[in-house]
Each structure stands twice: as C-alpha cells, then as structure tokens.
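Asker: Once you've looked at the hints, dock chain B against the given chain G.
Read top to bottom, the protein sequences are chains G and B.
Count the first sequence with this note's numbering and you get residues 1468 to 1906, in order.
Count the second sequence with this note's numbering and you get residues 1468 to 1906, in order.
Hints are not guaranteed to be accurate.
The list treats identical chains as one, so a pair stands whether inside a single copy or across any two.
Think about it this way: if two alpha-carbon atoms lie no more than 25 Å apart in a straight line, the pair counts; the simulated DSS-like pairs of lysine-lysine are [to be verified]: (1) Lys1716 with Lys1869; (2) Lys1780 with Lys1524; (3) Lys1571 with Lys1869; (4) Lys1693 with Lys1508; (5) Lys1501 with Lys1693; (6) Lys1571 with Lys1556; (7) Lys1566 with Lys1590; (8) Lys1472 with Lys1780; (9) Lys1869 with Lys1556; (10) Lys1571 with Lys1590; (11) Lys1516 with Lys1501.
Bear in mind the hints are in silico, worked out from the structure with no lab data behind them.
Number of protein chains: 2
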Amino acid sequence: MNTIKRLDSLDKNFSSSLSSILEFESSEDESIEKTVHSILKDIKNDGDKALLNYTRKFDRLEVIYPDELEIPKEKWIKALNNIPKEQRKALEISVSRIKEYHEKQIVSTWSYKDSDNNILGQKITPIDKVGLYVPGGKASYPSSVLMNAIPAKIAGVPELIMVSPTPDGHINNMVLAAASLGSVDRLFAIGGAQAIGALAYGTETVPRVDKIVGPGNSYVAYAKRKVFGTVGIDMIAGPSEILIICDGKTPAEWIAMDLFSQAEHDELAQSIMLCPDLDFIDEVENQINKLLPKMPRFDILKKSLSNRGALIKVKDLSEACDIANMIAPEHLEISTENANELVPLIRHAGAIFIGRFSSESLGDYCAGPNHVLPTSRTARFSSPLGLYDFQKRSSLINISEKGSINLGKTASILANSEGLQAHAASAQYRIDGKNHDRR
Amino acid sequence: MNTIKRLDSLDKNFSSSLSSILEFESSEDESIEKTVHSILKDIKNDGDKALLNYTRKFDRLEVIYPDELEIPKEKWIKALNNIPKEQRKALEISVSRIKEYHEKQIVSTWSYKDSDNNILGQKITPIDKVGLYVPGGKASYPSSVLMNAIPAKIAGVPELIMVSPTPDGHINNMVLAAASLGSVDRLFAIGGAQAIGALAYGTETVPRVDKIVGPGNSYVAYAKRKVFGTVGIDMIAGPSEILIICDGKTPAEWIAMDLFSQAEHDELAQSIMLCPDLDFIDEVENQINKLLPKMPRFDILKKSLSNRGALIKVKDLSEACDIANMIAPEHLEISTENANELVPLIRHAGAIFIGRFSSESLGDYCAGPNHVLPTSRTARFSSPLGLYDFQKRSSLINISEKGSINLGKTASILANSEGLQAHAASAQYRIDGKNHDRR
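Chain G with its partners taken away, still in its complex shape (with noise of 0.2 Å):
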C-alpha cells in the first residue's frame, strides 16, 4: 500500500475517486446517544448529585463536595507563573496577536431615521454567559482556550465558564495558564456530557449558561446536538482538513510537513495537495516516505495520509481553485507565485493561506484569526469562530405618529390578505387615533 493516494483530474473515475476520499464514517453509535440521553436526563434532574457521582465514575476524582470540582483563580494564576518563560511569552504573544484580529470584527449598534422620522436600527448585546469546553488529557490544547476566550471576552461576555476534565486529577498546566490569560472567569473540573449538561440546564454550583462553545469528544458533541435549542451552541467539528493548491515551485519538504501539520490531528484528518506539476507531485511523496518515519506521530500521520490523503494532478491553477471550491476545505493553503491573484477565485474555505511562507500552523496559534473552522464542506454556509459567535442582534423599530399611519395603511393591507384580522386591526387603531389623547 502506497503511503498517499494519487489521482489526475484528466481520469474518468477522477470524481468518484474523490469523493470516496472526502466522505468519511461519522460515528452515529446509538449506545453513546443513550449514554449521553441518560447523563443528560441525571444532570438536570439531580444537579451536583449526579455531577459528583459521573465525576468520580469517568474522571476517578475522589470528591465529596461539590465546590470541590471548581479550580480557584489563583491555581491558574499559580501556573501562569510556573510553566517556562518561553512557553509563557509565546502565549502572550499568541494573545496579543489574536485580541489584534478580533477587535477588528467589533460592529456597533446603529440606526437610521427615515422621511416620516420613523427609527430603525439594530442594537448588538452580549451574550450573558457562555460555556467554553476544553478537553482534558492528552487532546488538551491552551490554543484552543485562547481562541474561545479571547473573542467572548472582546465581544463582553460577562461571564466566562470554562469547563475541563481533570482524568486522576491530572490538570495541564499549559491549559490553566491560558485560561489566565484568556480571562476566563470561572474554572470547573468536569468533562464529558455530564459537563455540559451541567452547562445547559444549571446546578447548585455551576451556572446555567446561555451558549456553549469548545471542541470535545464524541459524547462531548452528541450532548452538545442534544442541549442545543435550550442553550446556544457553536459547531459541531468534523475531523480537521488541509488543502494545499501548489504551482510545484514550493520546496517539497515544506508541502509535505504541511500536509502533515493535519494529519497528526487523528486517523481521520485530511490532506489532500493539488498540483499541475507531476514531477513535484513525485517530490513530494519522495518527500512524505523520507519524513515520515522520523515523526514521533507516526501511526496517527500513516493511517490518515494513506486513508484520507491525496495527491491530485489538475490540469492547472484554475482547476485547482474548482477543486477547492468543491471540497470547501477547512484550511486552504495556496502555495503559488502570485497566491493573491488566486483568491478571488475561492469561494468556500475557513481559513486562506496565502504564499509560500503562510503555513497552516501559524494560524493555529499566533496568525491572528481564530483556529475555530468549518469542517466537512460546512465552509459552504458557515464561518470561523469569531466575535458574532459570542453577541447577537436586536431590531429596533421606533414609529412615530405620522409613520404609524402611513405604514399601518400597507401592514394593514397586507395582513388583511394574509387572514391575520388582529394585526389589521393592531395598525388601524393607530392610524384611527382611537382613544389616543387619553393621557
């Protein structure tokens, strides 16, 4: 078995090829639906009890009392102090980096008046409270942290509540130092469903929230489908994808470790190359074969790049950004001479790399714009994480007399050929005047 699928646009199969290789089995295990249905149905019905009871049960912590399960400011404080300084300058940087960015997504409220000094407008608030789940063990990652607290604090959000699990009490200090920095403002050690259930509907010691946001495992996202209605959520991630449009002029070496920067996430990332340069398409699995077995991911990297991965020859650049727009890759990189001049050309993609020197991975942790994307083609209808996830909207509508009569006329044609006598009657009492000196 090759350790990378190749493929041509030029073959006849060349489309089904490729969406047998874009489709992956998303997990629909019935027995985690119950699982999470039953902790979920618990959680609401016995709050803390049953959030102690799972706690003990999934995570082994020998609690008792349920203030027990929240990490006080100054543990986090604490780490922040003692992880390495260069560790410690890198988040800050990473920080102030991303604080840049989403402060420029920062819209206001705002209105108009029209002819009949009628005032119309929209007014942006805050989301009151919001989850941010972060997955303990060994998927822990302070970026991710980052890249949820940073927008919900910028976007006002009064309360932040971060929830983690802490498997045998171990806590990742890294993680703790990004929640410092991030300016969470309480910090929980649950996990799983029973986390966000704790989220959704309240307990007696940890908030009910409005929205919840943060990756997390398969039960992590079944809860997440199940409370969502009830609480706001962010996405439901799929596994993570790269897509890199090269001229072949890119050393192959950096192409290559791109492609692997994704594949390292889990078995079931994708990174898929196209190129309309067949020799560097051979360079670049010369290249794959040589690095890979020195990459301390090995196992993870070789069954999802001979799974899921792919190296496409295409007839040329234009093709290329075609092939994009289909797949609607979560990362793009466009590694060419001239990467801007392809840009207009994409239509669907989280996140666009553009020239030779942007890689994947310094958008995941200090670019600026957020890591948070859209996966499984949702790039077609949907966008990265940013400050509108954590506000929303209100209309404003401000009718004066003069506008009361005159848009009563229409609204109460209108609702008269709708059958809908009450909102007729509704706008015609003010054009009436009925009673309306009565102060």
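Answerer: Just chain B now, with coordinates in the frame of chain G:
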C-alpha cells in the same frame, strides 16, 4: 375560566407561575420522526421518482413528469399583474423598506498589515445556493417570502430556489407575486419533508442547495434538523410571542389588540403584558373580553390567551425590564412615555418596538427589519434573520518571509508544548529557509 391569566410579581409563587406559562410541550413525536426519516431516505436514493410519488400522495397533484413540478416565472409575473392594485402597491412598499433596512447590514471584506508586513483579514462571500421553504395552504404568507428572499438577494446569493406545496393544485397568487418581487430564481411546487430532502440532496430536477431557510410544519422542522450539517439551516422556529411593557397610559384597546395580534397566529402563541398600574390591567382585561367575540379568529385567540397569555402586575418599569430579559421575547413592545430610556435596560429580545405607535404588526410587514426572529427564549443567544445568514466569512492569512520567521518561533514553541511536532516542523522549515531558494 378567565380569558387571560393575571399574575403579580409580588406573589411568592410568581416565579413558578410565570415559568409554567412560559413552558410549552414541544411535540417530540416519534412517529413524525420515523416518517421524516424514511421520506428523506427515499428522496436521497430515488430522487425525482420519490419526489413525484410523495407529491402525488400528500398534495394530491396529478403530476407525471418531474418538470411539471416547476412553476415557470411567467406564472409568477402573471400573478403579480393580476393581484389587486392596492395589494401590489403594499407589497412594493414592503419590498423597498425591507431593502433599505437590510442594505444597512452589508459588510465588506477587510484586511490589515502588521509591522512584519503580514496581511490578515476576513473575506465575505455569499452562499452559492439557498433553498427557501414557504408553507402552502392557509398559512401561506407573502410577507415571509419577502423577509427571506430580499436579504438573500442583497447578500449576493446567485441562486435562490423557493419551494412551496400546492395542495390540490391550489396556489396563492400573493405568494407568487412576492416571489417575483423578491427576485426568487426558481420555484417548485413541492412541500413537506420531501421538499427539504430534495433541496438537501438534490434530485435530477431540483438543484442541491447549501442552506435551507423558512418556516414549516413539524415534518418540515424535523427534516431540517435531520439534514443540518449536510446543508445549513436558519433556525427551528417555536410559537410566536409578544411581551408588552406598558406604563398604563396607552389606550387599552391598542394593547388588547397588540396582544391579539400574536395570539391569533396559533394556539401556542404567547401574549404577555407587564404593567405597574392595576387599574390599567383591569381596563386591558375588559377590552380583551369586549373585543374578543368580534374577532374572526376567535377560537385560536381564546385558546392561546387563556393557556399561554398573562397580564402581569409589576412593581415598576425597571422590574418589567428585568422580567423581559428573563423571558427574552421574540417581540418586545415598550409602550411607555420616554420609551427610549428603557431600551438600554433590555439585553435580550428579537425585536424591540419603541413607543406607543410602534405596533408589532408594522414590523411584521413593512417597517423594514426582518420578521423572522428568535423564539422560545433563544434571543438570549441568537438574532433576527439577516444578510449575515446568507453570507459566510473566510479568514485571510498572508505571511511575509520575515513574519514566517517571527511567528514561526512562537508557533513552534506552542506546537511542541501541545505535542504536535509536524506543526512545529512546518513552522520551523520556513525559519530555516530549507531549500527555500529552490525556485
């Protein structure tokens, strides 16, 4: 039984009484879910053939060929020319006011350069293809066509596909006229879960879309939930709601009729007034009892007012705002002196109608803002339908050679701390410039 409940915020059971009025049985009907599941499967597998079968079965349409399902544009234009002049004029006024408001929501692609000449930004693109569901039969509202189609078109959606069932071949001319004025691109006479399936998966005749918007019955709502992920969806709308804060100085008839204008939608619709003036509450109750028997939609009004309506005595207007924030209503009327002064106290509401002349019905048709609003307390975390629902963002990341060195150091420290070595190496390669002058 009284026509409408009376509550007092000073009662010790107030909080639980209010909760019991706010709650409603969302119909989680397993049989509907099963039916929807099998309809979607059939449409996915058999395309047009299944679509024709279901349309013959559910809408009793005598259709043999799939192209008979499309309603050609000439028919809409004919409808537009045939509706009464007064109604056409009213639709046209609505169109121009909805356009004026939603054009204020236009946002543009932006970018900035940092001190290392890295360019960071955000690109805005419309969704390629949007499906718009419009209910048929009695609850067929031309205003909903306009409220969905106009922002989609201003957002730049190139292909807007409307679907609407035509039971027994019945078509509403006002709906056709609205499709024409709203610049819909194609229209199919299909409905129910089969229409949602056709839009989500595509058939030989119906194009596959990227997002589906618009209200529908419980089959449509279930189907939208099911296909979410394959396509985007707008929201799952609950029963309509109005909350009126009144100082007791608006004509009581106006308030009574405003309460009716939500209650007439359906039996689950909710109408609540908050007022500090007990005499005025009596007056409103009297008006309700007086006006109700004359209303054509008496049966619906009676049920929704008695089951889900309430007149609530509050201490003062500031407490009224607190309760409003807790309820997070779809429509909020502030019918008071100096209503503007209360607006800053409102954190959660779909639309805020300010002042005695701003009746909710004006917002439903022609004030300008969208009438598709978050229901069932979801205004805590979501927004009115808007341009932003028909566009998405892509991050732009263009890193300079110098930037790749500076950012690469930070990224590589953080990637290593997270155990993601390929991420670190990919950043490091740019720093080392490995083979970087290969070109």
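Asker: Give a verdict on every hint.
Answerer: How the hints compare with the structure:
no. : hint                 : result
1   : Lys1716 with Lys1869 : between (67 Å within a copy, 19 Å between copies)
2   : Lys1780 with Lys1524 : neither (51 Å within a copy, 48 Å between copies)
3   : Lys1571 with Lys1869 : between (39 Å within a copy, 23 Å between copies)
4   : Lys1693 with Lys1508 : both (11 Å within a copy, 22 Å between copies)
5   : Lys1501 with Lys1693 : both (11 Å within a copy, 18 Å between copies)
6   : Lys1571 with Lys1556 : within (24 Å within a copy, 42 Å between copies)
7   : Lys1566 with Lys1590 : both (23 Å within a copy, 18 Å between copies)
8   : Lys1472 with Lys1780 : within (11 Å within a copy, 71 Å between copies)
9   : Lys1869 with Lys1556 : between (61 Å within a copy, 19 Å between copies)
10  : Lys1571 with Lys1590 : both (18 Å within a copy, 13 Å between copies)
11  : Lys1516 with Lys1501 : within (20 Å within a copy, 35 Å between copies)
Hint 2 alone, counting from the list given before, is not met by this structure.
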